[in-house]
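Protein chains in written order, with numbering that gives the first Met the number 0: chain C, 0 to 285; chain G, 0 to 283.
Since the hints were made in silico from the structure, they are not lab data. Honestly, I wouldn't trust all of these hints.
To be verified - Here's a subset of chain C near chain G, in silico, CB distances under 7 Å, partners left out:
| hint | residue |
| --- | --- |
| 1 | I179 |
| 2 | D182 |
| 3 | N185 |
| 4 | V186 |
| 5 | R188 |
| 6 | V189 |
| 7 | P204 |
Positions of the beta carbon are idealized from the N, C-alpha and C atoms, including for glycine.
The chain contents come next:
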Amino acid sequence: MDNTHSIAAPAPASAPPSMLRVRAGAAYSHFMNHVLPPLVVIGLLCAVWELLCSRPGAALPAPSQVVSETWELITQPFFDNGGNDVGLAWQILASLERVAYGYLLAVVAGVSLGVLVGQSTWALRGLDPLFQVLRTVPPLAWLPISLAGFQDSNPSAIFVIFITAIWPIIINTSVGIRNIPEDYRNVARVIRLNGVEYFWKIMLPAAAPYIFSGLRIGVGLSWLAIIAAEMLIGGVGIGFFIWDAWNSSLVSDIILALVYVGIVGFLLDRMVAWVGKRVTRGTSPA
Amino acid sequence: MSQPYLSISRVDMDFSRGGVTNPVLRDVNLDVQRGEYISLIGHSGCGKSTVLNIVAGLLRATSGGVIVDGREVNSPGPDRALVFQNHSLLPWLTVYQNVEIAVQKIFKGKRSAAEQRDWILHNLDMVSMSHALDRLPAEISGGMKQRVGIARALAMEPKVLLLDEPFGALDALTRAHLQDEVMRIQSELQNTVMMITHDVDEAVLLSDRIVMMTNGPSATIGQVLDIDLPRPRDRLALADDPRYTHYRHEVLSFLYEKQRKVESIANARARGAASTREAAALRA
Ligand SMILES: Nc1ncnc2c1ncn2[C@@H]1O[C@H](COP(=O)(O)OP(=O)(O)OP(=O)(O)O)[C@@H](O)[C@H]1O
Ligand SMILES: [Mg+2]
Chain C
0 MDNTHSIAAP APASAPPSML RVRAGAAYSH FMNHVLPPLV VIGLLCAVWE
50 LLCSRPGAAL PAPSQVVSET WELITQPFFD NGGNDVGLAW QILASLERVA
100 YGYLLAVVAG VSLGVLVGQS TWALRGLDPL FQVLRTVPPL AWLPISLAGF
150 QDSNPSAIFV IFITAIWPII INTSVGIRNI PEDYRNVARV IRLNGVEYFW
200 KIMLPAAAPY IFSGLRIGVG LSWLAIIAAE MLIGGVGIGF FIWDAWNSSL
250 VSDIILALVY VGIVGFLLDR MVAWVGKRVT RGTSPA
Chain G
0 MSQPYLSISR VDMDFSRGGV TNPVLRDVNL DVQRGEYISL IGHSGCGKST
50 VLNIVAGLLR ATSGGVIVDG REVNSPGPDR ALVFQNHSLL PWLTVYQNVE
100 IAVQKIFKGK RSAAEQRDWI LHNLDMVSMS HALDRLPAEI SGGMKQRVGI
150 ARALAMEPKV LLLDEPFGAL DALTRAHLQD EVMRIQSELQ NTVMMITHDV
200 DEAVLLSDRI VMMTNGPSAT IGQVLDIDLP RPRDRLALAD DPRYTHYRHE
250 VLSFLYEKQR KVESIANARA RGAASTREAA ALRA
């Protein structure tokens, strides 16, 4: 991908026809190498699935049946009949909104705590054992205690996201801060950057590759946790949609929702990775 | 002679770790005149970087002190700009921005944005790097990185320019080219320079004086050699100059005759200490 890109990039604005052909060729080879193989594999898997599940008495619906049974959900993602009876787009957006709040809080708190722990040996000694224990608590184990604390389901779900995503962010950030080369510190000392300038101009960019790998793990965990948490708290959200479908024995709905959950999780991961790549250009990957 | 511009007096330096004190420098004294080019040469590990870092203010001497232009050094600052052996450019900033970060900070409120920009470009031009302003360090060669490091240091308008093996990591051709460039810049700007080197030819070619250090532990200045060669100096013409050969020989004989034996003893001692430490670690 990167190779074909760098070949295509220097083409001048008024590219001669041969250049266009080179570009078309690059697009073609990209398609052949990166788009075609997954399409073929998905096609094969669906064919096998179709074969296995189209026997009479199969427990799970075949893909063709899934599509026909959920056709309304697929074509009308934005319907709204009030209450929980809304389109899948709304369900996913509701989940994404919770993730956004919890995750953003985790980013701010996680990076700050990571900086603190990375900077100060005392904070490291005091907080690290605590972090190491707390981070092994499974996300859903936090739900009852946060329900007790917040007395409301929505903030509880957000808190579960927060507490799930924060640990990898803290740990990666602090490792990144501790690994800032002595030379960068010395440069900052020679030109006499003050604390704030050092933070913005040296510390954050130098630790950015580590921070972003923490952010990427964090967003994946958030998405894992929100589905599970929503199953328990109810309301609008893709997690509860799945649980609701199970209670009404709508297996095709569940399968469709799983596909959507997977795609959204993938996109979230790619989005954070993309932002990270833009922000940390030049800095060698951690 | 007038009062020295840079004066290192009675500097001792110990590093202690885990209760073990390692005496690195003992009684280092050196006076440097304004505009002088000094080279510091000595075997690896003797304490050259430590001396330079003390002058830079990055390390505090255990005792003794450094005075630059009448003021005692007690913290790092742009008046003693440092060029590191491994360039130490910030990899997320472009060539231009790597110089800008220093210029912005140092000349904030003293020069307008346009003046600052001109000054950055001027310094990058001086090291022939104007063609790569928007490239990242990862996208330029080792020699180019070192030039940007030099431009960044020069842009600070330092009273003393400190170079820690600035050409150490470069191939011979690039090294020669950069040495010529540094000589030209120095004759133009009349900087006071203190440079660490391992390379005898480099020391003789560039310096007004070569300061030779004895081996550690407890290293100190063993001998100072005045290099009385007219400037501008031309490496080709000097190659056959008997004075050049003489100076070269002086440095070599200091390094390989007077200091060799001490080195082997020190090494043997260090090795002995290391093996007892290892043995202790194994037992533990
Ligand atoms: N921060 C430190 N802590 C403990 N010991 C140190 C430290 N810095 C340097 N030393 C010790 O001081 C001695 C001198 O080190 P220094 O880096 O000044 O040597 P050098 O002459 O610059 O060597 P080289 O030519 O290899 O760069 C070495 O024995 C080294 O182990
Ligand atoms: Mg050194």
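For each hint, the structure was consulted:
Using the Cβ-Cβ criterion of 7 Å, the hint placing C/I179 at the interface with chain G is not satisfied: the shortest such distance is roughly 11 Å. The beta carbon of C/D182 is positioned within 7 Å of a beta carbon in chain G (closest approach about 4 Å), and the interface hint is therefore held. For C/N185, the interface hint holds, the least distance from its beta-carbon to any beta-carbon of chain G being 6 Å, beneath 7 Å. With its C-beta approaching chain G no nearer than about 6 Å, C/V186 sits inside the 7 Å limit, and its interface hint holds.
A hinted interface residue such as C/R188 counts as satisfied when its beta carbon comes closer than 7 Å to some beta carbon of chain G; here the least separation is about 4 Å, so the hint holds. Against a cut-off of 7 Å between C-beta atoms, the interface hint on C/V189 holds, since the closest Cβ of chain G lies about 5 Å away. With its C-beta approaching chain G no nearer than about 4 Å, C/P204 sits inside the 7 Å limit, and its interface hint holds.
Of the numbered hints stated above, the single one contradicted by the structure is hint 1.
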